[in-house]
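Listed below, chain by chain, are the residues.
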Amino acid sequence: MRREGSPFTGLSTIALKEAADHMSSLRMHLVMLLVLLTAIGAIYGAISQIKQTIGQDPFLFLRLFTTSQAPLPSFVTFLGFLLPLVAIALGFDAINGEYSRRTMSRILAQPIYRDAVLTGKFIGGLLVLAICLVTLWLLMTGLGILLLGLPPSGEEVLRGIAFLIASLAYGGVWLAVALLFSTLFRAPATSALAALTLWLLFTIFWPMIAPLLANLIAPVDPLDPMTTLANASWQSGIARISPNTLYNEMTLALLDPSTRAFGLLFLSQLQGALLGSPLPFSQSALLVWPQLAGLVAAMVVVFTVAYVSFQRQEIRA
Amino acid sequence: MSETVIEARDLTKRYGRTVAVDHLDLAVNKGEVFGVLGPNGSGKTTTILMLLGLTEPTAGSVRVLGFDPLRQPLEVKRRVGYLPDMVGFYDQLTAQENIAYTARLAGMTTTESAAPIKDALARVGLADVADHRVGTYSHGMRQRLGVAEVLVKRAEVAILDEPTNGLDPQATQELLDLIGELSREGMTILLSSHLLGLVQSVCDRVALFRRGRVGLIGEVSDLARQVLGGAYVVEVEADGVDLAQTLAGLEGIGSVTPVRAEVSRVDADRDVRPEIAARVVAAGGALRNMAIRRSGLDEVYVRYFEQAQETADAA
Numbered sequence: 001m002r003r004e005g006s007p008f009t010g011l012s013t014i015a016l017k018e019a020a021d022h023m024s025s026l027r028m029h030l031v032m033l034l035v036l037l038t039a040i041g042a043i044y045g046a047i048s049q050i051k052q053t054i055g056q057d058p059f060l061f062l063r064l065f066t067t068s069q070a071p072l073p074s075f076v077t078f079l080g081f082l083l084p085l086v087a088i089a090l091g092f093d094a095i096n097g098e099y100s101r102r103t104m105s106r107i108l109a110q111p112i113y114r115d116a117v118l119t120g121k122f123i124g125g126l127l128v129l130a131i132c133l134v135t136l137w138l139l140m141t142g143l144g145i146l147l148l149g150l151p152p153s154g155e156e157v158l159r160g161i162a163f164l165i166a167s168l169a170y171g172g173v174w175l176a177v178a179l180l181f182s183t184l185f186r187a188p189a190t191s192a193l194a195a196l197t198l199w200l201l202f203t204i205f206w207p208m209i210a211p212l213l214a215n216l217i218a219p220v221d222p223l224d225p226m227t228t229l230a231n232a233s234w235q236s237g238i239a240r241i242s243p244n245t246l247y248n249e250m251t252l253a254l255l256d257p258s259t260r261a262f263g264l265l266f267l268s269q270l271q272g273a274l275l276g277s278p279l280p281f282s283q284s285a286l287l288v289w290p291q292l293a294g295l296v297a298a299m300v301v302v303f304t305v306a307y308v309s310f311q312r313q314e315i316r317a
Numbered sequence: 001m002s003e004t005v006i007e008a009r010d011l012t013k014r015y016g017r018t019v020a021v022d023h024l025d026l027a028v029n030k031g032e033v034f035g036v037l038g039p040n041g042s043g044k045t046t047t048i049l050m051l052l053g054l055t056e057p058t059a060g061s062v063r064v065l066g067f068d069p070l071r072q073p074l075e076v077k078r079r080v081g082y083l084p085d086m087v088g089f090y091d092q093l094t095a096q097e098n099i100a101y102t103a104r105l106a107g108m109t110t111t112e113s114a115a116p117i118k119d120a121l122a123r124v125g126l127a128d129v130a131d132h133r134v135g136t137y138s139h140g141m142r143q144r145l146g147v148a149e150v151l152v153k154r155a156e157v158a159i160l161d162e163p164t165n166g167l168d169p170q171a172t173q174e175l176l177d178l179i180g181e182l183s184r185e186g187m188t189i190l191l192s193s194h195l196l197g198l199v200q201s202v203c204d205r206v207a208l209f210r211r212g213r214v215g216l217i218g219e220v221s222d223l224a225r226q227v228l229g230g231a232y233v234v235e236v237e238a239d240g241v242d243l244a245q246t247l248a249g250l251e252g253i254g255s256v257t258p259v260r261a262e263v264s265r266v267d268a269d270r271d272v273r274p275e276i277a278a279r280v281v282a283a284g285g286a287l288r289n290m291a292i293r294r295s296g297l298d299e300v301y302v303r304y305f306e307q308a309q310e311t312a313d314a315a
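Protein chains in written order, with this note's numbering: chain A, 1 to 317; chain P, 1 to 315.
Pulled out of the complex, with its shape left as it was, chain A reads as follows (with noise of 0.2 Å):
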């Protein structure tokens, strides 16, 4: 039985609505003042640092990003941990937030498809992702205009960029489990916190599981060197199931340009290799590819079962 009259109409309606209203709504001010000021204590140190070993590197824009000065993480480590969490902030209620609401029934009866108010809302909340990173990397540029005397190349600028491509996937991905969770459970402090459970899993206990995973599947045999192979690629692999690591993998790639490789190197693959000195972007992009595929992949996967799911439910609040 076919439908008539297109799933889109309203969309843009509702992701504006959306998205105005996660810019103006108190928990995303402390969610985003949270990272801004991470953001600045992590570029701080940075820039200390930088300072002190100011050496030849062509690519010291880009050290801002990834240097780090105990006890302060870098840049990226900061934002590979707290994006998730700007991301279930944005989408842990955008369901099951209408239904205790109650204004769900009222906004389906108007003439739009339940398509667009899903896809409405994962877009709405996509857009203030891409605003708040766009915001956060121009504010580092500035910084480090400001205090290194410094401007950052083209090649620079075209890696910040596909850098911010990749958070966006990143980020996506967590809005759309989010966004899954608040199909599933009716309850908005249920779905916060199994949003939250799974960010911890990932983040924290995830790269502790890898290791112990892999010695069960594939344990090493001291006599055999090509189980300790088996075991790395298994470790890696299982590791690759977090966005987490791909995330690091990506920006590790995109931020040190000298980054060659991820995992297992063979010296036979080195060969004629000039180690340390950096790849061209295009090869970098190249290198991450796979990492980025990945992680929209999951985030189509992950919100087709938040559609699918949110299709099938009873509108009856």
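What the hints contain is simulated information worked out from the structure, not anything from laboratory work. Just to be clear, a hint being listed does not mean it is correct.
Using C-beta positions, here's what the derived DEER-type ranges look like [what the hints assert, rightly or not]:
id: 1; chain 1: P; residue 1: Ala-115; chain 2: A; residue 2: Ser-24; range: 20 to 28 Å
id: 2; chain 1: A; residue 1: Ser-25; chain 2: P; residue 2: Ser-138; range: 20 to 28 Å
id: 3; chain 1: P; residue 1: Glu-306; chain 2: A; residue 2: Gly-5; range: 42 to 50 Å
id: 4; chain 1: P; residue 1: Ala-122; chain 2: A; residue 2: Leu-26; range: 31 to 39 Å
id: 5; chain 1: P; residue 1: Lys-30; chain 2: A; residue 2: Ser-24; range: 37 to 45 Å
id: 6; chain 1: A; residue 1: Leu-34; chain 2: P; residue 2: Ala-115; range: 38 to 46 Å
id: 7; chain 1: A; residue 1: Leu-16; chain 2: P; residue 2: Asp-131; range: 14 to 22 Å
id: 8; chain 1: A; residue 1: Ser-153; chain 2: P; residue 2: Glu-56; range: 37 to 45 Å
id: 9; chain 1: A; residue 1: Leu-33; chain 2: P; residue 2: Glu-185; range: 47 to 55 Å
id: 10; chain 1: A; residue 1: Leu-26; chain 2: P; residue 2: Asp-131; range: 14 to 22 Å
id: 11; chain 1: P; residue 1: Glu-56; chain 2: A; residue 2: Arg-27; range: 31 to 39 Å
Some chain P residues close to chain A (C-beta under 7 Å, calculated; not the full set) [said to hold, decoys possible]:
id: 12; residue: Leu-52
id: 13; residue: Pro-84
id: 14; residue: Arg-104
id: 15; residue: Leu-105
id: 16; residue: Ala-106
id: 17; residue: Thr-110
Chain P regions said to be covered by chain A (calculated; three or more residues, Cβ under 8 Å) [said to hold, decoys possible]:
id: 18; region: 64 to 74
id: 19; region: 90 to 96
Since the model is a prediction, treat every value here as computed from it, not as a measurement. Using N, Cα and C, we set each Cβ at its ideal position, and we do this for glycine too.
We have chain A; now place chain P onto it with these hints.
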């Protein structure tokens, strides 16, 4: 025969093994106020959701203004205004912003909707507080804001689910007056309720729902005759006689029900007070008091469900 705007045929909705709506037939004519009455859980809201295409029927068909809500939901929703049970709004937005949002969803631009929103808010008496956050609104104000939304949409049909639920008597009366006004302007209105006496004043026709079926349908006075055997209720206080026996055979009398000692309720289809008085006195009884009133929907309702319960128990 006027034009039918809402038509449901053989409508059925099952949730697992429970049947919420059971082979329901319903027709609402253009311009009338149609009341859907029944206790909680009798399938009223489910029926309404199916009329709007928000829930898929298990079987049967629905036509609203000639459109099928399943295949052409946008056409239906463009023309039908819906006020849900316990309507909610975005608390952090003002009344004006809330309505402007739904107007945009309905395809109006902000400039197009500005004037109708102003008019509608004035009409429901919220013009002074249009720029207040809805979070500060009382329940009655929210309900009226919901009606304003239906007005802005210029709906041909308004479906109001329990519009008077939880309102104080004055707010209820204001809302019912507003509904009456809208109906006089030609809007077809379907409203559901379990508060019958109130609804009786605005409804042209009513349907009594019971366990997902329409038990009775028709005008209030017709229903009274069908269920109670009359449109009048006479309360007779007399002692010294057996009232049921004394009045037996009197023309125009439906039933005689003892209410408490010496007081009985007599259902009649006309004013039978003189005859009752004559009979009681002739039988040597002492007539102490007699009062007549038109039977209301409340009585129809209570009696109908009593009878239904008895038949169910007997079966």
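Quick rundown of the hints versus the structure:
Under the hint 20 to 28 Å, the C-beta atoms of Ala-115(P) and Ser-24(A), about 26 Å apart, fit the expected range. Between Ser-25(A) and Ser-138(P) the Cβ separation comes to about 24 Å, which falls inside the hinted range of 20 to 28 Å. Between Glu-306(P) and Gly-5(A) the beta carbon distance is about 47 Å. The supplied range of 42 to 50 Å therefore holds. The hinted range of 31 to 39 Å is satisfied by Ala-122(P) and Leu-26(A), whose Cβ atoms lie roughly 32 Å apart.
At about 44 Å, the beta-carbon gap between Lys-30(P) and Ser-24(A) stays in the expected band of 37 to 45 Å. Range check, Leu-34(A) to Ala-115(P): about 44 Å between beta-carbon atoms, so the 38 to 46 Å window is met. Against the hinted window of 14 to 22 Å, the Cβ-Cβ separation of Leu-16(A) and Asp-131(P) comes to about 21 Å, which satisfies the hint. Between Ser-153(A) and Glu-56(P) the C-beta distance comes to about 59 Å, which lies outside the given range of 37 to 45 Å.
In this structure, Leu-33(A) and Glu-185(P) meet the distance hint of 47 to 55 Å, their C-beta atoms being roughly 52 Å apart. For Leu-26(A) and Asp-131(P), the hinted distance range of 14 to 22 Å is satisfied, since their beta carbons lie about 20 Å from each other. Range check, Glu-56(P) to Arg-27(A): Cβ separation about 35 Å, and the 31 to 39 Å hint holds. Against a cut-off of 7 Å between C-beta atoms, the interface hint on Leu-52(P) holds, since the closest Cβ of chain A lies about 6 Å away.
Interface hint status for Pro-84(P): upheld, as the beta-carbon distance to the closest one in chain A is roughly 4 Å, under 7 Å. Of the supplied interface hints, the one on Arg-104(P) holds, with its beta-carbon coming within about 5 Å of a beta-carbon of chain A, less than 7 Å. Interface restraint check for Leu-105(P): the shortest CB-CB distance to chain A comes to about 4 Å, inside 7 Å, so the restraint holds. Satisfaction of the interface hint for Ala-106(P) is found here, the shortest Cβ-Cβ separation to chain A being roughly 5 Å, below the 7 Å cut-off.
Annotation: interface hint on Thr-110(P) violated; nearest CB of chain A at approximately 10 Å, more than 7 Å. With 5 residues having a beta carbon nearer than 8 Å to a beta carbon of chain A, the region 64 to 74 of chain P meets the requirement of three or more and the stated coverage holds. Residues of the region 90 to 96 of chain P with a Cβ under 8 Å from some Cβ of chain A number 3, which satisfies the need for three, so the listed coverage holds.
Violation of the numbered hints given earlier is confined to hints 8 and 17; the remaining hints are satisfied by the structure.
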